[in-house]
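Chemist: The primary structure of each chain is shown beneath.
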Amino acid sequence: RKEVEQDPGPFNVPEGATVAFNCTYSNSASQSFFWYRQDCRKEPKLLMSVYSSGNEDGRFTAQLNRASQYISLLIRDSKLSDSATYLCVVDNNAGNMLTFGGGTRLMVKP
Amino acid sequence: EPEVTQTPSHQVTQMGQEVILRCVPISNHLYFYWYRQILGQKVEFLVSFYNNEISEKSEIFDDQFSVERPDGSNFTLKIRSTKLEDSAMYFCASSPLAGQGEKLFFGSGTQLSVL
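Residue numbers (the working numbering), protein chains in the order written: chain A, -15 to 94; chain B, 183 to 297.
Fair warning: there could be bad hints in the mix.
[What the hints assert, rightly or not] With beta-carbon atoms standing in for the labels, derived distance ranges:
(1) B:Leu212 <-> A:Asn49: 25 to 35 Å
(2) B:Thr195 <-> A:Gly(-7): 27 to 37 Å
(3) B:His192 <-> A:Asp61: 30 to 40 Å
[Claimed, not checked] DMTMM-like cross-link-like pairs, simulated, lysine to aspartate or glutamate; straight-line CA separation at most 20 Å:
(4) A:Lys(-14) <-> B:Glu226
(5) B:Lys285 <-> A:Asp41
(6) A:Lys29 <-> B:Glu226
(7) A:Lys29 <-> A:Glu40
(8) A:Lys26 <-> B:Glu284
(9) A:Lys26 <-> B:Glu185
The hints are simulated quantities; they were obtained by calculation from the structure and are not laboratory data.
Note that beta-carbon positions come from the ideal geometry of N, C-alpha and C, so glycine has one too.
Full structure from sequences and hints, please.
Modeler: As structure tokens, then:
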């Protein structure tokens, strides 16, 4: 079983749509969780951390379900500039090592 | 905004040659990392480095790989005898402390092509 698993997509959505991505992780001892964004052939950039209570940053909402080992990202009112690959990332070892999912590709169309 | 810088942006080498990838982490950061991403695949952890020694390494980081902080600013990844399968984007990252995933910054990467 993959350590961090994501649907690779692509998700093709029109501008203004709401889209949700899911991620599952295998290590129940995982400590911290993140969503990163990666544009084509660029470095990953932190989008937001994911907390057990759920957290929101503008149009982005992240949720964590530790019991199900499941993380989600909701993007509301999609913009063309949201087109990218979204990486689910898990920290298993107090920040010394991040484990990345394979990413979910989002394409927002006009 | 401070940033992690990597040089060169592209490196082409012949199989069996040694390569050194260079990184300048953010100046007040204490933890340094190398990750790699083979084209079309996920980002993979290679090694973390703190206080002039390796703190964690993955199975990928075998005897062909080494890291060094030769001076106060540079952090290097050496691949002793490159293989075709070493072709990938190599990302350096740094953070001020361990467990600081929110403060982990990646460089823009070095694309290594082994021919």
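Chemist: All hints, please: hold or fail.
Modeler: Results of checking the hints against the structure:
1. B:Leu212 <-> A:Asn49: 25 to 35 Å: holds (33 Å)
2. B:Thr195 <-> A:Gly(-7): 27 to 37 Å: Holds, since threonine 195 (chain B) and glycine -7 (chain A) (Cβ atoms, about 33 Å apart) stay within the stated range.
3. B:His192 <-> A:Asp61: 30 to 40 Å: With a Cβ separation near 37 Å, histidine 192 (chain B) and aspartate 61 (chain A) satisfy 30 to 40 Å, so the hint holds.
4. A:Lys(-14) <-> B:Glu226: holds (13 Å)
5. B:Lys285 <-> A:Asp41: holds (17 Å)
6. A:Lys29 <-> B:Glu226: Within the cut-off at roughly 15 Å; holds.
7. A:Lys29 <-> A:Glu40: At roughly 17 Å apart (the allowed maximum being 20 Å), glutamate 40 (chain A) and lysine 29 (chain A) satisfy the hint.
8. A:Lys26 <-> B:Glu284: holds (19 Å)
9. A:Lys26 <-> B:Glu185: holds (14 Å)
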